[in-house]
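Enquirer: One letter stands for each residue in the lines below.
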Amino acid sequence: MKPVRKQRLYLILAMVVAIAVAAGFGLNAFNQNLMFFFAPTEVVAGKAPDTAVFRLGGMVVEGSVQRPGDDLRVRFDLTDFEQVVSVEYTGILPDLFREGQGIVSRGRLRADGVFVAEEVLAKHDENYMPPEVADSLKKAPGDLE
Amino acid sequence: MGSPPHFYRFTGKILPWLSLLCTLLIAAGLWGGLVEAPADYQQGDSFRIIYVHVPSAWMSLFVYVVMAVCGAIGLIWHMKNAEIIAVSSAPIGASFTFLALVTGSLWGKPMWGSWWVWDARLTSELILLFLYLGVIGLYAAIEDKRTASRAVAILALVGLVNIPIIHYSVEWWNTLHQGPTVTKFDKPSIHVSMLIPLLLMAVGFKLFYLISVLIRARGELIERESNSNWVSELLEKR
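Protein sequence lines, in the order shown, are assigned to chains P and R. Numbering (this note's numbering) for the first sequence: 1 to 145. Numbering (this note's numbering) for the second sequence: 146 to 383.
Everything labelled a hint here was simulated from the structure, so no lab data went into it. Heads up, some of the hints might be wrong.
[Claimed, not checked] Straight line, CA to CA, 25 Å or less: simulated DSS-like cross-link-like pairs of lysine-lysine:
hint, chain 1, residue 1, chain 2, residue 2
1, R, Lys351, R, Lys332
2, R, Lys290, R, Lys225
3, P, Lys6, R, Lys332
4, R, Lys382, R, Lys158
5, R, Lys351, R, Lys225
6, R, Lys225, P, Lys2
[To be verified] Have a look at the derived ranges for each label pair, beta carbon to beta carbon:
hint, chain 1, residue 1, chain 2, residue 2, range
7, R, Ile360, P, Ala20, 29 to 35 Å
8, P, Ile19, R, Leu379, 19 to 25 Å
9, R, Ala285, P, Gly100, 49 to 55 Å
10, P, Tyr10, R, Leu271, 31 to 37 Å
[Unchecked claim] To spell it out: a stretch of chain R is covered by chain P in this simulated footprint if at least three of its residues, at any positions, have a beta carbon under 8 Å from a beta carbon of chain P; those stretches are:
hint, stretch
11, 179–189
12, 199–209
Just so it is clear, CB atoms sit at the ideal spot from N, CA and C, and this is done for glycine as well.
Sequences and hints are given; from them, build the entire structure.
Expert: Right under this line is the structure:
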């Protein structure tokens, strides 16, 4: 390679590396802001804002979904398998909402520690399979095949 | 491949074959995905949008890398063909990005409950669309096409940092978008009957990109070389 070309190659490599490092520092500094939601553990530990609106994500605890009235009000518990936070929501739930499903809700904490949600989004996982396979997995948990 | 007339003749010969192969692959992938593959256990038939969404999203990243690498080759070796491939890739990549965003949004409304959320994956993919649009705009704004190619290559290389951010966003941060299903080191978490059409579509989309970039590059080449002998010879033959 001619020296001029080699120089240009190094210049470009240096530029790409420098930008990557700068972006790395920048993203690292804003790490907390880039998180889409807080986990129940963080909420219980007091890391989430106690007055402002934020998002809470976790799994809906099996058997925790209750409808206290005959309106659209629904109560359920969210867990990250370490801590549990109760959520209250009034409105229509997305199709994928069910017990054991991951969800993300937006709202704020009430003084009694219950999270009052204004919006509930279902978080889909990365598994895709036909219903028959899902059924047999439930009977005998094993490999996906 | 270095000389423009040779590039033009060679690509003219292979284009029909590529088009045939691409049509077959996409037809087989669509048939497999929309008819043969079973419905998903949770999403039902809505999951079938994966056969357009995922290949487009993969291509949006792939085309960007090709564009940046060709741009760098153009900067270092001043190779005309590499410059042309780089600038010709931008509109195709932008279309793939747009398609990925739109299909994702259509799927997100029934499944998540929202057309759009500002999570790390969706936001970084939107930035990718803006990068492509920036490349297209910058190239159009500069009169001299060789200068324009160089400016565009630098912009593309600066934006390259976004590619790993998009890919790893779902692992580095909490996002609403799910994690990778196929492109992880572990076994893919998708049933084989659903995976095969997806892979057919992915290869079909790659070929579609190759075909469209070659067609665009041929046009760009003729335009840039319009004063040269081989182009006038080409025109006389017509």
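Enquirer: Evaluate each hint against the coordinates.
Expert: So, going through the hints one by one against the coordinates:
1. R:Lys351 to R:Lys332: Holds, at about 23 Å.
2. R:Lys290 to R:Lys225: Measuring from Cα to Cα gives roughly 11 Å; hence the hint holds.
3. P:Lys6 to R:Lys332: Since the Cα atoms of Lys6 of chain P and Lys332 of chain R sit roughly 41 Å apart, the hinted pair is violated (cutoff 25 Å).
4. R:Lys382 to R:Lys158: holds (16 Å)
5. R:Lys351 to R:Lys225: holds (23 Å)
6. R:Lys225 to P:Lys2: holds (18 Å)
7. R:Ile360 to P:Ala20: 29 to 35 Å: Distance hint for Ile360 of chain R, Ala20 of chain P holds at roughly 33 Å.
8. P:Ile19 to R:Leu379: 19 to 25 Å: violated (41 Å)
9. R:Ala285 to P:Gly100: 49 to 55 Å: Cβ of Ala285 of chain R to Cβ of Gly100 of chain P: about 52 Å, so the range 49 to 55 Å holds.
10. P:Tyr10 to R:Leu271: 31 to 37 Å: About 33 Å separates the Cβ atoms of Tyr10 of chain P and Leu271 of chain R, which means 31 to 37 Å holds.
11. 179–189: Holds: 6 residues of the stretch 179–189 of chain R have a Cβ under 8 Å from chain P.
12. 199–209: Per the Cβ count (0), the hint is violated.
When each numbered hint is compared with the structure, violations occur for hints 3, 8, 12.
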